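Trainee: One letter stands for each residue in the lines below.
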Amino acid sequence: MSAAPLPDSAPLTPLSADPDAMAELERTWRSSHTGLWGWLTTTDNKRIAKRYIITAFMMFLLGGIDAAMMRLQLSRPENHILGPDLYNQFFSTHGTTMMFLFAVPMMTAMGLYFVPLMVGSREVAFPRLNAFGYYTYLIGCVFLYVEFLMNTGIDVGWFAYVPLAGPQFSAGKRADVWAQTVTFTEIAGIIAAIQIIVTAFKQRAPGMSLDRIPLFVWSMVVVSVMIIFAMPWVAVGSQFLAMDRAIDTHLFNPAEGGDAILWQHLFWFFGHPEVYIIFIPGLGMISSIVTTFARRQIFGYAAMVLSLVATGVLAFGLWVHHMFATPLPQLGESFFTAASVTIAIPSGVQIFCWIATMWTGRVRLATPMLFVLGFFIVFIIGGLTGVMVASVPFDLQVHDTYFVVAHFHYVLLGGAVFPLFGAFYYWFPKVTGRMLSETLGKWQFWLFLIGVNVTFFPMHILGLQGMTRRIYTYLAATGWGTLNLVASIGAIVIASSVIVFLVNVVASLRSGAIAGNNPWDSDTLEWATTSPPGPCSFPDIPVVTSRDGLWERRDDVPVMTGLRTDRREVLVTTLHEAEPESRHMLPSDSIWPLLLALAVGGAFIGAVYTPIGLVIGTIVALPIALGWAWPKAPTGPEMVDDVR
Amino acid sequence: MKPVRVVADVSQLPDVTFGPRSTTWWGTIGFMVTEGLTLVICAFAYLYLRKNFYHYPPEGTPLPSLGVPLVQVLVMLISIVPMVYAGRYARRLDVDGTRAALLIALVIKLGILVLRWYEFPALNTRWNSDAYGSAAWIVMGFHTTLLILDVAEDAGFALILWTGHARAQTMSDVVDDVIYWYFTVAAWLPLFVLLFLYPRWT
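So the sequence lines, in the order shown, correspond to chains A and B. This note's numbering puts the first residue of the first sequence at 29, with every later residue one more than the last. This note's numbering puts the first residue of the second sequence at 908, with every later residue one more than the last.
These are computed hints drawn from the structure, not numbers from a lab. Only a predicted model underlies this, so the values are computations on that prediction, with no experimental measurement involved. Careful, some of the hints might be misleading.
Unchecked claim - Now the stretches of chain B that chain A is said to cover, found in silico as 3 or more residues with beta-carbon under 8 angstroms:
| # | segment |
| --- | --- |
| 1 | 911-917 |
| 2 | 933-941 |
| 3 | 957-966 |
| 4 | 1027-1037 |
| 5 | 1040-1048 |
| 6 | 1061-1068 |
Ideal placement from N, C-alpha and C gives every residue a C-beta, glycine not left out.
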């Protein structure tokens, strides 16, 4: 290692044993301002990630209310609580909220909180950019729902197919609102992805070589790479759509040589990986939970990592299976059927590894583990119907029916929301310092498991009976009334499960049991620091000597010291072996990220109403960006002359 | 809790690094991949729409002109030279040399923006004429946003260096800015072939 090894005769004092150094470290890392200004200027990744998680959960609740309104409308035939126009807005807003404003931001937020902690680093790589990403996302959330309340709610589905979303068939601003909402969340997603990759590659604790990285971190790295390669497709595509609508380009206009299928390619080349972007972090969460609650290292670590990577790669070879009902060459369709079936292999490998881990471990059935078992049941049902719809003839029969609605809700709720709730129970003590109630947790789990199945299982049958998606009502003579009523009752059960969770959170925040540093006796580094972690996370930099992490049998914990206490420094290590390489100074708190987000937000929202909005926003953003980049005089690192 | 034991001291490690050792370099690469992909997507749309036309450009639309675009490619290649020097001086922490090289580059880059203004009409079509025109304008337009951002970034660095605010980390950031310019120029070369030569072959 390039860090100076210590002679045995002269051991250094760890920072955590030096009260003066600890006090200075605390001053350096804590926000320099208090109150509202401190709140607006903070760049602490843990504070930003908590806001991300809370905002994304509020989006989950809003998206859930959208869904509840749809279930209310469909609970009996010829219902007229929502008219067709309002129903269109509700289902479009529901899908857009859940995919763009809940699922992806929630998963990246969990990464932004836990990846630095799990790799033993004090911060993410670019803290200011992190704050900017969050504010951009927040503006997108507010924008969508303000427009919804102003009767400009999007009504073109979460996929905004042309020609329906084009200038000819969608007058007004609703499709533009969709296009720009997407842009906000894509910017935030790409920024989060780059943060996570650089933090996991360059800021790992010394000794955490690539084969010792926790599986949750691996899953976030795979997802981040996927975000970088998938999200630009919809970001660029939605700008194409906005331009077709605002400045008369003809990319999707068949009358002038444009092509509606081009939109579907652009959308689904993003849209299919998107599904995996949502559920691969769930796989990482499950690996963390299974390891802890089976009390042994995961079976087949290398196979697990390779499966994650394989899933990430194969996910890009599936997009056409969303387009089987378009006039594509049959040979091409066959390829995508094969790829769609193939992706079941790496998923299967992981499931068998988890089963082997549990089989050979000593399983404790705490609430996080219950949600993992729920994941197995729900996700596997979704996976099986996935293999069914991968076949072209079957897909053509059920295309655009409730069978598909049932399939993807099983996959997404099973693959993402079950692991997420498990992760909430698992990591809540780390974030807040208090335990969630196990009793309420078990109630929530069973209500959720029952609710999900009662809501979505009947939809398989409704779909096979011919009930199509996106219809605001149906006639009694179709015979779909009973199953729809059952599904709506299931939605009430899901809602009560979420209410139990909220009650649990509020009650536990007030009077939950004090957690301690490592309440579950887990192995990964986030449990090596206090609960909740202090502003600096790790006063001493932990050193990793094996994959066992905190389970390693030893009398003391090896650490490195030497990062400065008078400025925010993180240790940068090499990509492969994580050997110490340099100390990197991070910037201080700043208002510029918020200002830049407001300028960029103004540009994109302005673009909905006039193309000039984009130009004005850019002109405003440039001096703000300069202010952001301007080096600060008193607290900055060495001037050039000092270094020389 | 188990006691902690210090096994190494990192205080002697450098606190300013260049290239792949620096986290900023990795961030820059991340954004280059993202932005490079946006150009690939635009090029994909341009080629995808080709199948809807018998000829590219469509009947009645003249071939794009070659004069200004060829000059542009030449000027872009020349602009690399001062940027190479900016990177070298920055690595040596030579503020004066870096500033001079960046200013020369900035002048050339402003020329590139002026040329770009005349390069759009050289496409000999308009964004709202037909899908061919839309795709051609979009390819060039997305690349232009990268040009503008890069020129703004250069101007910012020049200002920071000019006013004596340069720190060692700024010099590392200049090196990343240089790499970003290589990428901006390298990305244009295939796009130039696509927009101005490819229609001549088909």
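Trainee: Look at each hint and say if it fits the structure.
Mentor: Verification of the supplied hints:
Only residues whose beta carbon comes within less than 8 angstroms of a beta carbon in chain A count, and the segment 911-917 of chain B has 7; three or more means the coverage holds. Counting residues of the segment 933-941 of chain B whose beta carbon lies closer than 8 angstroms to any beta carbon of chain A gives 6, which meets the minimum of three for the stated coverage. For the segment 957-966 of chain B, the assignment as covered by chain A holds, since 3 residues bring a beta-carbon within under 8 angstroms of that chain's beta-carbons and 3 suffice. Counting residues of the segment 1027-1037 of chain B whose CB lies closer than 8 angstroms to any CB of chain A gives 4, which reaches the minimum of 3, so the coverage claim holds.
Residues of the segment 1040-1048 of chain B lying with their CB closer than 8 angstroms to a CB of chain A number 5, which satisfies the three-residue condition for coverage. Here's how the segment 1061-1068 of chain B fares: 3 of its residues keep a CB closer than 8 angstroms to some CB of chain A, so the rule of at least three is met and the hint holds.
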